[in-house]
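Protein chains in written order, with the working numbering: chain A, 1 to 1092; chain B, 1 to 406.
All the given hints hold, so there is nothing to weed out.
Using 25 Å as the maximum straight-line C-alpha spacing, the simulated DSS-like pairs for lysine-lysine come out as follows: (1) A:45 to B:75; (2) B:201 to A:45; (3) B:49 to A:761; (4) B:351 to B:402; (5) B:397 to B:293; (6) A:45 to B:195; (7) B:167 to B:181; (8) B:75 to A:8.
Listed next, the stretches of chain A that the computed footprint assigns to chain B, with coverage defined by at least 3 CB atoms under 8 Å from CB atoms of chain B: (9) 733-744; (10) 767-777; (11) 1003-1017.
Calculated directly from the structure, the hints in this document are not laboratory data.
Treat the numbers as computed from the prediction; the structure is a model and nothing was measured.
Glycine included, each C-beta is placed from N, C-alpha and C at the ideal position.
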Amino acid sequence: MPGKLKAKIVAGRHLPVMDRASDLTDAFVEVKFGNTTFKTDVCPKSLNPQWNSEWFKFEVDDEDLQDEPLQITVLDHDTYSANDAIGKVYIDIDPLLYSEAASVISGWFPIYDTIHGIRGEINVIVKVELFNDLNRFRQSSCGVKFFCTTCIPQCYRATLVHGFVEELVVNEDPEYQWIDRIRTPRASNEARQRLISLMSGELQRKIGLKVLEMGGNAVVGYLQCFDLEGESGLVVRAIGTACTLDKLSSGSAPNTNTHMHPNTAPASNACNSPSKDGKEPVFVEDLPSSSGPPTPFRALPTSSSPPPFSPSKPCSRQSSSSDTDLSLTPKTGMGSGGSAGKEAGPLRTLLRQQTQTALEQREFPFFTLTSFPPGFLLHVGGVVSARSVKLLDRIHNPDEPETRDAWWEEIRQEIKSHARALGCHAVVGYSESTSICEEVCILSASGTAAILNPRYMREGCLDIGCTDHRFEEPSPPNCGFCHIPYDELNMPFPAQLTYCYHCRRQKVPDVLFTTIDLPSEAAVAGKGCLIQARLCRLKKKAQGEANATAISNLLPFMEYELHTQLMNKLKLRSMNALFGLHIQISVGENMLLGLASATGVYLTALPAPGGIQIAGKTPGDLSSEHISSIQKRINDTIAVNKELYQINPPELAEEGVGSPIPEPRHRSRLFRSHSESSDELSELDLSHGKKDAFVLEIDDTDAVEDIHSLLIDAPPPTGFYSCNTENMPGISNWTSGVQMFTSVRVLRLSNANLTNQGLNKIFTDLCENLLKSFYFKLRSMIPCCLCHLNFTVAVPEEELIQVTVTAVAMTYDKEQTQEKTAEKPVNKGSLEAEEQLQFPLELCADSSSSNIQTASKISDTVSLFTPAAKLCQNQLLIVRSAGVGESTNISPRAASVDYGSFADRCSTWLELLRLKAHTIRRGSVKTSRRTQSLAHSVSSLERCSPLQEGRSRSLRSSRSFGGSSVTVVKMTPLSFLSGTRIIKYLGIINMFFIRETTSLREEGGVSGFLHSFIAEVFAMVRAHVAALGGNAVVSYSMKECVFMENPNKNQAQCLINVSGDAVICISETDQESSASTANTGQTGGGGTDGAT
Amino acid sequence: MSVELDVFVGNTTIMDEEVYQLWLDGHTVNDAVKVRMEGGVMDECEASKDVLLSDTMDQYRTFQMCERLLHSPAKLANQLLFQIPPHRQIMLIERCSRDALIQLTHLFQRSHNSLFLYLFVKPPPLCYVSSHGNLFFVSLSLFRYYAFDDTFVREVLGKKLSKGTKKDLDDISAKTNVTLKSCRRQFDNFKRVFKVVEELKGPLVENIRQHFLLSDKLARDYAAIVFFANNRFETGKRKLQYLSFQDFAFCAGQLISNWTVGAVDNMVEDMDVDLDKEFLQELKELKILITDKDLLDQHKSLVCTALRGKTKVFIEMENNFKNLSRGLINIAAKLTNTKDVRDFFIDLVEKFIEPCRSDRWTAADMKLYLTHYTNSAHILDTFKHQVVWDRYMGVVKSCIFKMYHD
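Excised from the complex, chain B in its bound form (with noise of 0.2 Å):
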């Protein structure tokens, strides 16, 4: 005797915040029914493992078939399967700010075992609250789909996103202790935007948030792993493993608003995922601060001048100024050739952010003088380049900043 057939359909559709989860996680409906069971959800209405297992296997059906849709967010603003009905929640969706709206969130999920799923959507995406009261609320479902593990995301950012590195998939879900089909649900996220964004004109975090109907901050981490993905930028050297993956996306989003062509043209197709090519040129120009002996050394001593006093280790300072320097200029030289931007990031740790922490610089010290140093470059009459100057060290100072801890 067995149970050939078992489904629940309602004409609104039930979703289980807990079990959704559990199915993002890529559990197993028998695991899953097993965290539900220690969760203590039976107590609740008398239920018995059997009810567990078909309420779960259920659920688990419903996420499938909504997979499909949440593929193409945009699309659920007008898909007719799924029906979801104004619900008591929206009023009060309504009258919320968006941080009240994450509240609620919170509370929602602690004081309700089930919740309708709002997958209905119009963009723009979150928290719009309307004032004559139409329904538009990015599920938490959505950003659930979307959300991805940190530790996995550092392990596949700057690879290719290609066949090849999803066959890696399994050891990187043993590394990072993801399931593997968590670790396939959120590679194929990474290469769903990869694609639909690629052939997009406008603003990449725009437009990410557009067609996936993510959050602000989502949107933007979206965009770090698709501008990594796009210039292949080198992560995975061990140099590199004391990175975060949020490290990384600070810097992707300062090289995104600066150093990409949407800097300065915002209606060029693949703006914001290129490096802008003539900046590349341009920074070859800024190699006169390392040949040119004279100016190296006026540098130096405005440096060495502004920093006096200021700092403990000031003779060592001034001891690698040139050394540094040599290692900042050389890398914006080398930046016009694919490979070094690829190892853009391993650069500025073996050429400057090491050396510095060898000599036990803190990171107040590391401000200050990176701050004098492109601050001095301005003074020197004979240099010429100091927009591009800014533009580069603009990006330079706050990578290593973020770049720079233990």
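Next up, chain A with everything else stripped away, as it sits in the complex (with noise of 0.2 Å):
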């Protein structure tokens, strides 16, 4: 019972005229929360009319006060007929329900109506007053704070994480009901509206439950979407990850620094870390506690205790293991794995165990997060993904979801076993979606394998130190996520693996895809750049079972062309690694859409990747001329983009780096499944073949095409950058320039009949004009740098393509760089972990390159993880259950690909190992190269304009803005607003809009009205933070953006869904100069020019 929701009306304002007669408006309002309505007075004749009401008191459940809104009708008053309605505000009272969220909501709301849209503000007040509720089986889950953001909210540390949660609650759609026939647009679009919002009440309260349950306080990573289901229903389901967070205090927050070094703590720990014997029981005692609350994890203080190091194998190696050993062939390692092995073991078994223990309990050891506390990480193996073709039917009984919930089941369980066989026992970055269609669904789920530091999954060893360093074992914090996780022996595919160009001490592989951000603590050479794969594949049109059977005979090839495009872009860049990988496929009437997008970026501990070399089938078929000038092209390219990206790694020479053949590395870990209704499965290699080299072979006409359409990706103008993720790898000086925008293109295509080629073309140039239109729209905030670049496709109707795109311009300077570098470690403790990573290698190298050699003697000690003597076979593995495809029947290029040598790949390896005797041996001159390549950054950083000063300066200023009447909030996609702190989280902001029109024509076409109704969105998620006392929205997203129109009845519907988390946050400024205000003027003066 326990709970006093309290609502004042207090003025409207701009209401439109309902009275043509007088142009003015009666206007009241009534105010309702559940099944009690209040009323105000009636205002009469005027268009800005002050009610200053009484309060309006609610006594309610705070299981109600979670999935109900407060809905604020304001009405015209009629004396003869009906009142009409004007419009409607809903709260989501949610964010008062936490202690250290808002007190109050407090402000001026746009008045919106679905069919109309904003008509005006009322200003409302709402309050809450909690009575603490203790009963243990209580239904609602109160205080549970719940974020968007994928990663530790800025001012909170982990305590626990605990894990997977997910919730889905289904009902009928309002719009599909029989009484649809007889209602009005209007009444239809707000009982939807208000379903909506009513389920994801209580989907979060659900979740919020289970949190704790599992004893945590809050979840982060929060992603809520909606399938509509047409006929069968409305499905609204949620992940997140649990977890414990503690508030920081202010003061404290500015220690983040420490994490700077991550290797300096470690080196000290690990020197005197103690047997392993102690070790292992600890371990194993910890498993069986885990049965209440599963798969705890520990996660790391995010300030001020010491910073965890990124350790990680089993402790029991280290005593193992020489140099030598290494060094001479990985294949003794192996050798030995008599001892080793068993050493090696007991930790691996565990793991499993755990795992297994997990899943008994049918949990997931999942992390809906994507950049975590530095260490918490310590392997990654690879994109681990499952997709599923399902038929929808009615759900008959809505409170017992049982297929939907069955039908993720599935997906999970398979994504677990691939993390398994990656030898993994988590994933994370871990994220689920739909597609639909009629009545087909696809359901797809991704996420990243990965090892996570054991240390996290023991309870109650938050007190670092003592218990926690036996377990660490260092190796360098800016290589060991790349080092693989599986075991050599039984890899599930055939990889490349090199010694770690960085520690030289164990294994990485040639190419790695995450769908995580990058690591902070990360070493990547260059800047970062977006790389898109697209694609279009025709389909007949069918029904029911057959059309689902066609889709899923058509994924495995979709993801097989979309990976090679990666994989071939990936390489014209010059670049290694991809993070932040998203896949969607989307399905259509008559076409299968496939968007994949990542963040390329050079992770200087892998190998460098070859080239691309061009290659006809035979002599005959095209000119040796032709070819020799695609060739040409290529390699061009890929100077031009080394160039633009700054990719000049600290490389040693003698690798062969420049090789003109190019080196035989061209596989990545991208492990995924399909799965049908059938259980059947069968695997499917979708490596190219065993060759070696990465060539490109020229058959027909089409392959041609394909190259061409690989270089048609334009790079973009000087001045821009783009990425897909969180922090842009090599850009961490950002200014205070940032600017959200949402872009939707939808492209009707003509009936002609087009081929496979040609609407892949017309795909292509859809993206990349839009992002062409970016860069042109953006033009005044150079240099910048577009990041979280999220594109959605749809296929709303036959002929159509939608494609939908939301990101953050944000600008940054290129001379701050080296300043900031030089003084961030001593302060600036104020400043983000993203920020300060970014370059941590640099920054070591500078000021406590003594700290790094101890840290790197130290691992030298320790035996790398022994290579695995098992060449293996499938390095791309798919695994299908429909039974279509056989290994034999890829497509036929990729059969054609296949002719690498498996001499080339024996001379490589053996290459290999003489390099790493080699560069062992002169593992003292490694230092200075480091420095070197900080001298180069620094370098590189110098030339910029010297404007950039009086911008960033001019930040300050902006906290001067109070006095207008209207409060600014910034929105970002990012968890984090350049140039400021975030000092509180609000709450969740969730809204679901709908607008409908019948006057097309009027409201300016297709294009006017959904441009107005993004800019009403936006101004209404605004002023609902502006009203909790917020002034900005971190981890913005446009989840839903579902277009529908009619044309020829002059007729348009459309459905948003975003979601954010409101804060507070300051100038990052701001603190140390609010003693100096008159200064900031004084600097300002020589901001004019700097407005550039």
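Dock chain one against chain two, each of which comes alone in its own frame, and use the hints as you go.
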């Protein structure tokens, strides 16, 4: 029972004219919560009414408080006929239920009508008085905090990460109920909005309950989605990561910078790392104890405590090995496997065991987070994904959504088993999505298989230090995550393994694909860039089962091609890793669209990517001249790209980076599967056979086209960079310019018979043109970076392709880097971790090179994980259950490129070993090289415009904005706002709007309609955030933008769902400069021209 | 294959000044794209024509959405639809004088392709520089939206702001070379301002400034337009063609500040729009200056004594004195008739300016003559209407000065 909700209606303004005769309005307001309604007096003849009502009080269960929104309806009083509704405001009062979030909601809200859009504004004050409910069996979960942010929120530290939470609720879609035939579109839209609001409230509450059960107090990386299944209903589902978060007092926050030298602490800890004996028992103990809250993971404190290290392998290995072992032959390690294996065994077994336990408990070791505290992530295996094609049927019993649950369960199991096959016990950067067309639904899930620091799996060991370091065995933080997690003896697929180019001690793959953000401690060379693979596949129209089969038959081919494209484009940019990989496959009536986006980066720990070699199938096919011209173009492009992205890795010359012959490293770890209703599994090898060189073969015109399309991707114009991750590899010195935007483009295909090739071209052009448009529109922000570019594709109707993009453009300062880099280690504690860790290597080399040496020395004494002797077979494995594709049936090109030679591989292998030995001998030289790299990075950052200083300073002035009548609310899809520090999270924003029109032409056609709708949605989000007392939305995303039109009837309808975290942030410079306000003014003088 | 829908919406409203001007000028999207291409904007970001087209359409849509707000600029102060962040310029603006502000504006236009639109303004408008850092600065856009072409306004000046006139806009458009769209916008602006100030008390110019957040100059121009429209002054006759809008605007200013009700009482409705009836009645009394033979002769001799030797056209002045004096005083006496009020300017030209011009008076001669003509009346001991005389002649004098050119 315990909750009293109070609402007060203060005033209205800019109301629409409801009475034509007087050009005025007689407005009053209905305030409704649950089944209780209050009304204000009528304020006659005014467009700016002052109601100044009493406090309307609702006494309600906290369960209702969580589920229901406060509904405010503004009406025009009419003496003779029914009162006309002007519009509504739904206020989600959830933020008032956490003790730390907002305490009052007060402000101007746009009055929204689903037919007319925003019609004036209303000023409302809402408060909640909550009584504690100690009932153990309560149904509410008030107090559990939700964050959309996919990392540990800035002003918190995670004391425990409990793990995956998921829930889904289903209902009938009001749009498809019989009553819809007789009610107005407005009534139907409102019913839908209200229902979805209720359902998300309920969903959040249920997830909250699960979190409480696990002992957590927050959900991070909360991802809620709607499936509009049409006739079969409406599904609202959510996933997230349960955590126990501690709020940091603002004073302690600055300590974050201790993370900057994650390697220093470990160095000392590891020195006296104790015997292995102690550790195993502890571990064993742990597992059973975890039965209650399954798989609890200890997260590390984000700040005040000493940083955890990035450590790893079972500590037992520490004693067993020596450099020589390792440097001579990887196989020796193997040979000695008897002992080494045994030693390594227990932990591994334990890990497995744990997974096993979790499995039995039907719990998933999944994390929706994409970035982690340093040291949390030990190793990354690769991308795991699963797709399943389902036929929708009516949900008979909404209270028991078993089928939907079972479907997801199935997919998650599959993901888990893939992860296990990669030797990983966890999946990070996990997400789920659907694509629905008529009654066919593709369910997709993907994530990155990873091994997490075992330390975090233990309970009650937060007081770092004494117990913990036993497990730790330092490995350089900036490459540790690249080291392969799987057993070399049992590689799930054939990979080109080499010794880590960083530490030289452990194996790394040649290419790494992940769905997470670039770990802050990772060492990269140059800048990152957005890489997209786009694909269209026609399919015959079909119904039911046949349709589902057709789709599932097409899926593997699409995945294969997307993967190939990604690989090619990655190589073309001379990069070797993808982060933030997101593959979306969208289904339409007569086609499937595939779009893979990721941020390419050059990880210095991984080998340099080889080039791409072009070959003709038979000499007669195409003139060798032609081939060589293409080859030249490709080589040129690679060279240009290297320059563009400033990829100059600190390489060892002997390694033959620039060798004309492409290096045999084209594999990636992409491990996925499709499942259909049947459970039969068959494996499909999608690797490019066993060939070593990455060769593109031109055997027909299609292939030529493909190559051309490869080269089509225009690099961004000078001054622009782009990525789809949280942080841009290679850029950290953001300035205050932030422009979040949403763009939607719909293309109508002509009726002409289109081929797959033609479609591909159209689709590629569509995406490329969108990017070009962004660059053009945002040109005044140069130098800037488009971050978190999130593309969503859909096929709303036959012959329509819709692409929706949300991203943020952020300005950065080329010049300041140098200065900052130098300063960082010393002060600037308040800087965000992301920023701090951009150049960990350089920093260390500069200020603490001695530490590095110590660290690396220690690690040298530890043996490397013994390399596998087994050369494996399949690199890219696709597990499908459809039973359609045998391994022979892959696309023709796949077969054609298969002419790698074993000999080649062997020679490379030997060469590598030689090199390895060589480099280790010259170990001391390493440091100096690093220093060089530092020098280089600095000089590259030196050239820049002097204008930037002024700009960044002027940010300060923004704080003085308070006096304006409208609070400025910044929005960003990222978890941080450049130049500011988040001091408070006010709660989650999760809003759903429907807009419909029956006068499409009058509203400026489809574009005019959607343009104003999106602008209105932004305005409403801003208003709600401002009412909570916030000034920014972080982790903003537009999860749904469903647009339907019927131009013949002059009608259109659009649904938009947005979410994000409302926050209060303050300028970083504020604190330090609050005293020097006068100074601010002065510096601004120089800024006149800085306002570029 | 065609683009069915294409929108770009930023959390911060981006406006390109150049495109905005093109839109105001009534160019179609395609024309605007052409102009922009010629302007070389394409080179800036490796843009293609498609990109430019898409951008231009987005901008046009944004302007159309803004237009509704621009119609009642005072609402802009707290509207929520478009977000304007405190931007780097603000700080500069805060510390700038008004002139610097205008300079800044030019600078800004030259160096930036697009600017963040500052629609949020707190009245009073423009140039209020806050000492504690609050944001308010009238958008350049607002000026632009309410800016008009002098050639266009010259055509509609004094006409009734009615549907009838609106129908003639296409002729005016053809004649003035201003696009029809732009003509309509300007005409609608006049009408809108007229409608709003019609019902307000207080000084006209101030009301316009407050409600439409316009600069002082622009507000005065609008006041003139409203004033002319309300009194339906004839400005279209051939003989008046040589006068520019600015000439009339100046005269309107004189009339508003001296001859309206507001000149004596500043809290009356319509005070600045209608002429002071009582005053017009009193003007009849001036007739004595021409009906009383003695007074007329006395006046003439006083003026001639004062002028002798000071001008080359003295003979003409002496010969014409009675005619000219009759002309001016008859105009004054007839102003009680609405019809004659309308003809005020044409009368001034026909009865006074033309005769003088044919006698080749210079502007200096005119000034000299009118000054002595006005002052001499004060010396006439039988002439009792000094106050009315000053109020009348003050305005007529300055109007004639302004209007006496080729």
